[in-house]
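Please arrange chains E and U on chain S, whose structure you already have, making use of the hints.
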Amino acid sequence: MSSAAFVLIAILTLAAALAAATLQKLMHATLSFAVALVGVAAFFFLLGAEFVGLVLVFVYIGAVAVLIVFTILLTRRDVGKDRGANWSGALLAVAVFGGLGWAVFKTQSVAIAAPHIRALTVKRIGEALMTSYVWPLQCVGLLLTAALIGALVLVMEEKR
Amino acid sequence: MIPTLQVFLIVSAALFSAGLLAALSRRHAIFILIGIEMMLAAANLNFIAFWRFNPQSQPPTGVMIAIFSIAIAAAEAAVGLALVIAEF
Amino acid sequence: MSKSVDQIFVNAKQWLLSWLMPAPAWVLQIASSLINIFTLLAVFLTLFALMSVLERKILGRIQNRYGPNRVGPFGLLQPVADGIKMLIKEDIVPARADKLVHFLAPILIAAAAILALGVVPYGRNMTPFTIDGGILFFFAVGSTTELAVFMAGWGSNNKFSMLGAMRAIAQMISYELPLIITVLPVVMVVGSLTPDRIVAAQTGYTLGLVPRWFVFTPWGATAFILFFVSGLVESNRTPFDVPEGESEIVAGHMTEYSGFKYATFFMAEYIGMFAITGLAATLFLGGWHSPLSVLEFIPSYVWFFTKLSALLLVYVWLRGTLPRTRIDQIMNFAWKFILPMSFTCVIAAAVWHYAGRGLRGWLWSFVVIAIVYTALSMLLDTQRKFAPRIYRFAE
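Those protein sequences? They're chains S, E and U, same order as listed.
Going by my numbering, the final residue of the first sequence carries number 173, and the count climbs one at a time with no gaps.
Going by my numbering, the final residue of the second sequence carries number 108, and the count climbs one at a time with no gaps.
Going by my numbering, the final residue of the third sequence carries number 413, and the count climbs one at a time with no gaps.
This is chain S alone, in the form it adopts within the complex (with noise of 0.2 Å):
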């Protein structure tokens, strides 16, 4: 796990995260929110947990990007721009940053490296995937399900 790669990701990542949240118009804010998504599956990535990196990037840029930049094709009425951040809002999440930082850096539980552990292979995924969580797998095929006929009821409603 080098460091320089570390620092590398975790500047793009930050800088692009506060860029989606800052950003005038709708459709950068979406695009930096793409490249925030890349650098956290680059972590995932760092961290030894391939699958779910690649998972991160086949669902988010994939699927959630591309359905925003839709949504926001399709909802086109002069609302791309977005007065920039007020004020109680941006001093609240300075606030919690301040405060989780602090909580992280006084824990000195948490000071450790990393531990050398069996690399994650997909087939042991798999194994769990259908073992000990066959039930939450299950639970969220049927969330899906009815998410997806959910916004396809919501859509038709507009149609009516």
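It is worth saying that the hints were derived from the structure and are not from the lab.
The structure displayed is predicted, hence computed values, not measured ones.
Hints may be right or wrong, so weigh each one.
Unchecked claim - DSSO-like cross-link-like pairs, simulated, lysine-lysine; straight-line CA separation at most 30 Å:
| no. | chain 1 | residue 1 | chain 2 | residue 2 |
| --- | --- | --- | --- | --- |
| 1 | U | K103 | U | K177 |
| 2 | U | K177 | S | K38 |
| 3 | S | K38 | U | K117 |
| 4 | U | K107 | U | K177 |
| 5 | U | K75 | U | K117 |
| 6 | U | K117 | U | K107 |
Unchecked claim - Pair by pair, the computed Cβ-Cβ distance ranges are:
| no. | chain 1 | residue 1 | chain 2 | residue 2 | range |
| --- | --- | --- | --- | --- | --- |
| 7 | U | F361 | S | Q37 | 39 to 49 Å |
| 8 | S | H41 | U | F278 | 16 to 26 Å |
| 9 | S | A17 | E | P75 | 24 to 34 Å |
| 10 | U | A218 | S | T158 | 31 to 41 Å |
| 11 | S | K38 | E | P75 | 38 to 48 Å |
Yeah, the Cβ is synthetic: ideal placement off N, Cα and C, and Gly gets one too.
For chains E and U alone, coordinates are given in the frame of chain S:
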């Protein structure tokens, strides 16, 4: 400097705050959705980091939770964006 | 002898790396990656140049004309002329365009296409980028293309670009689903997402004659055809080239691009085509395995590129033969026919597995596919009668 768990937690806290900033300070619904998704991603980063820095990583609970949370985030985005389309 | 010819590139890379031997491990790792990257780029950019001229020549022959034959012997230097022309053209950026997005779109689209090439095994021990879950990597990287196409369309600030991008994304999303689901039976049967393992699972010959490629099973053949058609749509080729139909919306999302940026889009399209056909060869056509056991002395990479060229030839052939389809036809085809058929492939592969992978499994999975196919064709039959076309002004 080898990255410790601490720095990962700091990065994830910063990402979470950026998401919070987007969710709280913007008016448009899509911005709020983006903020929520970023906060979820930060939480996932925490889960994966805790899994990686735990010597007993069998079964890979952190990874599983991250996978499920990604799936749920996708469902949430689909419904949220359908709401936006229906509303505007 | 044949062993050393087979491994010549692997050995050459090892020899190159041995010059750096006293260096630390990370330098070796970076050098190894760089060698892989440069080889990959050199091979596929040459193939792109070759393909661009050969395609035009073959299309010319199909349409009963010569094709490019002025520059160099048999017109083979045509890509050089094209490249020079593209390079010295003026690079126009529309005044109202979103400059940054407009600039980044071709880079992102080319990068995604080239990254996808990295996980395909080109020969024995010749996978540039080995990763556990390579198939997923391929599709994760490929899904980035949609966003890049969108960036091109939106950044140009042009109605034609936007329409083209919308069409492109609509059809890419619709066909990405069957593309992934048709890969599923192969992954299920092999039990691995790694391309190397998938190729290794297709080793050997039934009765010493027919190779054990997945295309020779009923589910494999169906999945291969569906994958091929979906790949055709993903790489925006005729008959599915609505996103950039020249006669309707100029050039779709590439309307506002000129010069080298346009060439980059063109290159990304071709390289995406190579990646899809390479993956098709890996998944269904046995990767780098030879079709007959007596021909195994021919190096593995030769077989891989033979299969790749054969599939590319079919792409060109289809382009020369079929007219463009309408967007609603494409969508109906995807959701009503291709998607149910790909799910059937998954079921048929499971049937094949549980019936013992032998002749019995072959028959049972064939029955499953035949039933679904017949039912679907009866359901989708519109009962519309077509009168013979009467030409009033021709002839």
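Here is what the structure says about each hint:
Proposed proximity of K103(U) and K177(U) is supported: the alpha carbons are some 27 Å apart, at most 30 Å. Restraint check for K177(U) and K38(S): satisfied, since their Cα atoms lie roughly 19 Å apart, inside the 30 Å limit. In summary, the hint linking K38(S) to K117(U) is supported, as the alpha carbons are separated by about 14 Å, within the 30 Å threshold. Annotation: proposed proximity of K107(U) to K177(U) holds, straight-line Cα distance about 24 Å (limit 30 Å).
Proposed proximity of K75(U) and K117(U) is contradicted: the alpha carbons are some 37 Å apart, above 30 Å. Simply put, K117(U) and K107(U) have alpha-carbon atoms about 19 Å apart, close enough for the 30 Å limit, and the pair holds. At roughly 44 Å, the beta-carbon separation of F361(U) and Q37(S) lies within the given 39 to 49 Å, and the hint holds. About 25 Å separates the C-beta atoms of H41(S) and F278(U), a value consistent with the hinted range of 16 to 26 Å.
As the Cβ distance of A17(S) to P75(E) is approximately 26 Å, the hint placing it in 24 to 34 Å holds. Under the hint 31 to 41 Å, the C-beta atoms of A218(U) and T158(S), about 36 Å apart, fit the expected range. Under the hint 38 to 48 Å, the C-beta atoms of K38(S) and P75(E), about 46 Å apart, fit the expected range.
Hint 5 from the earlier list is the only one contradicted by this structure; the remaining hints agree with it.
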